[in-house]
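Novice: Using the sequences and the hints, build the whole thing.
There are 2 protein chains.
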Amino acid sequence: MVKQAKSAITPTREEDYPEWYQQVVKAADLAESSPVRGCMVIKPWGYAIWENIQRDLDRRFKETGHKNAYFPLFIPTSFLQKEAEHVDGFAKECAVVTHSRLEADDNGKLQPAGPLEEPLIVRPTSETIIGELFSKWVQSYRDLPLLINQWANVVRWEMRTRLFLRTAEFLWQEGHTVHATKEEAMAETRQMLEVYADFAENFMAMPVITGEKTEAERFPGADATFAIEAMMQDRKALQAGTSHFLGQNFSKSSNIKYLSAEGKEEFAWTTSWGVSTRLVGGLIMTHSDDNGLVLPPRIAPSHVVIIPVTPKDETRKQVIDYCLELKKQLQDQSYMDVPVRVEFDDRDMRGGEKTWSWIKKGIPIRVEVGPRDMEAGSVFVGRRDRAPKDKQSMSLKQFVGGIANLLDEMQASLLAKAKSFQKENTRDITNETEFVEFFTPKNTSSPEIHGGFASTGFCCDPELEENISKKYKATVRCIPDISAEEVVPCVFTGLPGKRVIFAKSY
Amino acid sequence: MVKQAKSAITPTREEDYPEWYQQVVKAADLAESSPVRGCMVIKPWGYAIWENIQRDLDRRFKETGHKNAYFPLFIPTSFLQKEAEHVDGFAKECAVVTHSRLEADDNGKLQPAGPLEEPLIVRPTSETIIGELFSKWVQSYRDLPLLINQWANVVRWEMRTRLFLRTAEFLWQEGHTVHATKEEAMAETRQMLEVYADFAENFMAMPVITGEKTEAERFPGADATFAIEAMMQDRKALQAGTSHFLGQNFSKSSNIKYLSAEGKEEFAWTTSWGVSTRLVGGLIMTHSDDNGLVLPPRIAPSHVVIIPVTPKDETRKQVIDYCLELKKQLQDQSYMDVPVRVEFDDRDMRGGEKTWSWIKKGIPIRVEVGPRDMEAGSVFVGRRDRAPKDKQSMSLKQFVGGIANLLDEMQASLLAKAKSFQKENTRDITNETEFVEFFTPKNTSSPEIHGGFASTGFCCDPELEENISKKYKATVRCIPDISAEEVVPCVFTGLPGKRVIFAKSY
Chain A
1 MVKQAKSAIT PTREEDYPEW YQQVVKAADL AESSPVRGCM VIKPWGYAIW
51 ENIQRDLDRR FKETGHKNAY FPLFIPTSFL QKEAEHVDGF AKECAVVTHS
101 RLEADDNGKL QPAGPLEEPL IVRPTSETII GELFSKWVQS YRDLPLLINQ
151 WANVVRWEMR TRLFLRTAEF LWQEGHTVHA TKEEAMAETR QMLEVYADFA
201 ENFMAMPVIT GEKTEAERFP GADATFAIEA MMQDRKALQA GTSHFLGQNF
251 SKSSNIKYLS AEGKEEFAWT TSWGVSTRLV GGLIMTHSDD NGLVLPPRIA
301 PSHVVIIPVT PKDETRKQVI DYCLELKKQL QDQSYMDVPV RVEFDDRDMR
351 GGEKTWSWIK KGIPIRVEVG PRDMEAGSVF VGRRDRAPKD KQSMSLKQFV
401 GGIANLLDEM QASLLAKAKS FQKENTRDIT NETEFVEFFT PKNTSSPEIH
451 GGFASTGFCC DPELEENISK KYKATVRCIP DISAEEVVPC VFTGLPGKRV
501 IFAKSY
Chain B
507 MVKQAKSAIT PTREEDYPEW YQQVVKAADL AESSPVRGCM VIKPWGYAIW
557 ENIQRDLDRR FKETGHKNAY FPLFIPTSFL QKEAEHVDGF AKECAVVTHS
607 RLEADDNGKL QPAGPLEEPL IVRPTSETII GELFSKWVQS YRDLPLLINQ
657 WANVVRWEMR TRLFLRTAEF LWQEGHTVHA TKEEAMAETR QMLEVYADFA
707 ENFMAMPVIT GEKTEAERFP GADATFAIEA MMQDRKALQA GTSHFLGQNF
757 SKSSNIKYLS AEGKEEFAWT TSWGVSTRLV GGLIMTHSDD NGLVLPPRIA
807 PSHVVIIPVT PKDETRKQVI DYCLELKKQL QDQSYMDVPV RVEFDDRDMR
857 GGEKTWSWIK KGIPIRVEVG PRDMEAGSVF VGRRDRAPKD KQSMSLKQFV
907 GGIANLLDEM QASLLAKAKS FQKENTRDIT NETEFVEFFT PKNTSSPEIH
957 GGFASTGFCC DPELEENISK KYKATVRCIP DISAEEVVPC VFTGLPGKRV
1007 IFAKSY
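Sequence order for the protein chains is A and B.
When we follow my numbering, the leftmost residue of the first sequence carries the number 1, and every step to the right adds one.
When we follow my numbering, the leftmost residue of the second sequence carries the number 507, and every step to the right adds one.
There may be inaccurate statements among the hints.
[Claimed, not checked] Straight-line alpha carbon distances no greater than 27 Å define the calculated DSS-like cross-link-like pairs of lysine-lysine that follow:
1) Lys417/A - Lys389/A
2) Lys860/B - Lys257/A
3) Lys532/B - Lys136/A
[Stated by the list, open to error] If you only want the chain A side, here are some residues facing chain B, beta carbon under 8 Å, derived:
4) Lys43
5) Asn68
6) Pro72
7) Gly89
8) Pro112
9) Tyr141
10) Trp157
11) Ala187
12) Gln191
13) Phe344
14) Asp390
Calculated directly from the structure, the hints in this document are not laboratory data.
Quick caveat, the model's predicted, so the values are computed rather than measured.
Ideal Cβ positions, reconstructed from N, Cα and C, are used throughout, including at glycine.
Specialist: Set out below in C-alpha cells:
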C-alpha cells in the first residue's frame, strides 16, 4: 500500500459516504450527539461557521428591509389547530409541555407536577403564534408591508437524526411577512428565494437550483413552496432553504386584516421563508474530501493558520516573534470588508499531527514557518484546495500582500468545481428505462452513489409522483425556474408535462 | 394647567413608577405580552437594542478567549437531580416536556400522545447538561482552561412577570468554563464580573456596584456568587448580571476530571456567568424620563432620525433630496468604529406626532429639515437629553463633522447623570432607626419611592438577614468589592460585620 494514498478520513467517500460524513464532522470537531435524544451539540468550530452564515444572511435580510424580532418558544395547542393542513404537518412530531414544575415522589425521583390547563408545544415553526400577533400589529394599509425575521431554535421530534442534516432541535431563521396584495407577497417570496440562492452560491460556494415544489412537497398550509436545492457529492439533493407563498390561508386562520386606502377591510397576504443549521451539512457535503472538511474562505471561521516549526531551542523565540509579526500583518489586511482571520498554533504537539488537525478542520491556508524561512524572509504555504504535500515557499511580503486575492481565488475555484460536479451529474432523461438506470446505484462498494439529478418531463400527477417515489426512491426536487415555462412530454405517461428535477434526497 | 408641563408618558415616574415603566415600553414599541403566559414578544426596536448588547458583549467574550457553542434546549430530569442544591433551585418552576406528539381526541381536540420514558425540562440554565459534555471534552490539563459561551433562550416558570425584568422565557448568554485550579477559576469569575461592569458602565451608561452575594442570594450550587447591581430611578436595585464561582460542586456531580501534568487525576474547577434581556429593563429604568425612552448613543439602534418638513409641494422633492444627501454624509461618518446609524422618516403623518414618536423611542438626535433650512444649508437639531423644545440650528457641515463628538458627549453626560443619581441616593446608615426611616416610602403619590442604597455594617447572620428582608422588604444586594476588607459594626447587632449594600430590589 502506497503511503501517500492514505487519507485522513476513514472510510473514504467511495467506501461509505454516510459514515464518511460522520467522520468528517468528528475530525473537524464541528458537532456531536448529546445525551438528549435527537439534540446535537454544536462545538466551537461548527458554531463559528453558523455565526458567519448568520452574519451574512442577516445583512442581506436587513438590506432588503427586514427587521428582527423575537416571539415565544411555546405555542398553545389551540393555535396549531387553527390551520388544518398545518396541524396535520406538525402535530405528529413535537415536544409537548404539560407541566410547570417537578416534585420528588416517595422514592425521591422527580415527577411532573403542576399540570397546565392547555398543553403547549415547543415551536416547530412559528406561523401560528406570529400570525396571532400580526393580527394585532396590522390594522391599516399603512402598516404594510410588515417584514419580520426571527433567529431561533425550533424542535421537531425526529426519530432518525443525523448531525446538522436532521436533528430534533435545530437553529434557524424564519422570515414572516405581510402584504396588501397577492403580487407583493409573491414578489417577496421570490425575492427571498433569490437571496438564499445568491448567498448559497456566493458565500458558501454551493451552487443551487431554484424552483417551485410540487404539491406533495409543499409546506403545510402554503399555496406555493419554492426551494433551493443543492447537489451533494453522493449526487443526492439537499433542500437547503425554502420560501413559501402562504396566500391568505394564515391571514384567514389568524385573522390578519387591514383597512385599505379605499376604506375596505381586506385579508392580507403572507409569506414565510427559512434556512437552518442544515446549511452546515450542505457545506460539508459540497466541498469536503477524503482528508476532511474543506471550507470556502468566505465562510471559514479562520482563513489562515500559522504553525511555528521550532526544532532548536535557540531560535525558538525568534521564530515565534516572526510568526506573531506575520499574524499582525495578515490581520491588517482585509478580505470581504473584514480583517483576515488568523490562528497562531503553538500547541505542544508533533508537527505532522498539528498540520493534519488543520487540514481536517478545513482551514483555507496553512503557513509553516521554521528558522530557515525566517532567515530567508519567507513562508511555506499550503492550500486546502491542493494536495496536502503540495506546498510553496513565498516571500512574506508577497504572501501578505496577496492574501485577499489568494482567498478570492480559492473561493472561486471551489465554486467552479462544485458547479461542474453538479453539471456533470445532471442528465436529460427522456424515457423510463433511462430513468431507472440513472437511479440504480453504480457497481462500487458504496451503494449510495448513483446518477444524480434527472431532468425530465413530468405530468405532475400526485398519485404517479407518490408511486415513483416509492418505487425508485427519487422525488421531484423542483420545477426549475429556468425551464418553468417549457412544455415537455412526461417520461412516464407521455402526457404534456413540465420539466422537473428528480433526485434522491436528504 | 400649563401645556408645556404635560409629558408624553402618563403616568409620570412620580405618579406611578411601575405603570410608567410599562407605558415607556409600550410607547417606544419595545415589547409586548404574548398570548402565551409569561412569554413576551420582543419587537424590532427592542430586539435591535438586544442585538447591540449581544454584539458588544460577544466581542468582549471573544477578546477574553471564549468561544461560542450551542447545547440542547432540553435537560433530562435525572441530570437536574445530580446537584442537590441546583435541583432545589430550579425544579419548582420549569416547563416539563412529557410527550412527543399530539393526537386528536373524539371531539377533534388535540391531546398529548407518545409519552416520553423520562420527562425533559426546558433549560432554566445549562450547568448540568453542559457539565455532562464537558466531562467528555476534558481529559488532560492540556484541555484546560475550557472557555465556552452560549447565546440561548431559557425558561423559568415565573408567575408574576414584567416585560424584560421577569419573564418565563428570556434570552441570555451563559458562560461556562473549566479550570485546573481554584485560583484560575476564581480569576475567571472575577474577570467576567469586570467585563459586565465595564460593559454596563461604558456601553449602557449604567453605573453598577460590583460585589459578592451573601449565602441567601447565592446561585443554587455555587460556592460564591458575584453580581453587578444598578440603581433604578425608583431607587430600587436591579441585579443586572452574575458571575458564579462553582468550586468543584458541578465537576463532582458531572464527573469533570483531568489528568494533571504530574499524571494525577483531579476534579476540575468551574465557573458560570450570565446576563439576559433583563439588561434592557435596566437600561429603560436608568435613563428614561416622563417623555419616554432615553437611549445612550452606543446602545441605540439608530443614532439620528431625519424628519423632512415639507409644507409646500413645490419644494418637497428638493427638501427630500437634501435630507437624503444628509443621510449619506452622516452614514459616511463613524462612531465607535461603525457607521453612524440613520433613519429617514418620510411617513405621511403630522410633524408633531412624528417628532414625538421618535422622542418616545429615545433616539439620541432628531434633525428636522424644512425649505428654509435647506436654503440656509443648515439643519435643526434636537437632543434626547435636552427638553423637547430645546432645538438648535446648525450648519449642515458643522453638524455632520461633529456628529461623533456630539454622540460621545451625550453618552458621557448620561453616564454622569446616572452616576450622580446613584451617589445622591446612597447613604451611610449607622443605626436601625435610620435604616427604617431610609426604607420608608417618602410622602409622595408614588409609594414606591424611598431612600435608595443603604451602606451599612452587617454581621451577615442568615436568619437575621431573612427577618430584615421580611420586615423591611430590603435585602443585602452585595458586599461591595471596594469595601470588602472593611470591618464595621453591624447596625442591628453591634457585632463586627462587613460593609454591605441593603436595598429594595427587582
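Novice: Hinted pair, alpha-carbon criterion (27 Å max): Lys860/B, Lys257/A. Please report holds or violated.
Specialist: holds, 25 Å
Novice: Would the stated hint for Gln191/A survive a check requiring a Cβ distance to chain B of less than 8 Å?
Specialist: violated, 19 Å
Novice: So, Tyr141/A near chain B? Judge it on the closest CB pair being under 8 Å.
Specialist: violated, 11 Å
Novice: Is the shortest C-beta separation between Ala187/A and chain B less than 8 Å?
Specialist: violated, 22 Å
Novice: Are Lys532/B and Lys136/A close enough, with their CA atoms no more than 27 Å apart?
Specialist: Distance of about 14 Å is within 27 Å: holds.
Novice: Was the hint right that Gly89/A lines chain B, CB cutoff 8 Å?
Specialist: At about 12 Å, which exceeds the 8 Å cut-off, the nearest Cβ of chain B leaves the hint on Gly89/A violated.
Novice: Let's test the interface hint: is any C-beta of chain B closer than 8 Å to that of Lys43/A?
Specialist: Since the shortest Cβ distance to chain B is 6 Å, the answer is holds.
Novice: Interface hint check: Pro112/A, Cβ to nearest Cβ on chain B, cutoff 8 Å. Holds or violated?
Specialist: Because about 4 Å separates Pro112/A from the closest Cβ in chain B, which is inside the 8 Å limit, the hint holds.
Novice: Quick one, is the Pro72/A hint okay against chain B at 8 Å, beta carbons?
Specialist: Because about 4 Å separates Pro72/A from the closest Cβ in chain B, which is inside the 8 Å limit, the hint holds.
Novice: Taking the closest Cβ pair, is Asn68/A under 8 Å from chain B?
Specialist: Constraint on Asn68/A satisfied, holds at 5 Å.
Novice: Does Trp157/A meet its interface restraint, that is, does its C-beta lie within less than 8 Å of any C-beta in chain B?
Specialist: holds, 5 Å
Novice: Given Phe344/A as an interface hint, is the shortest Cβ-Cβ distance to chain B below 8 Å?
Specialist: violated, 13 Å
Violation of the numbered hints given earlier is confined to hints 7, 9, 11, 12, 13, 14; the remaining hints are satisfied by the structure.
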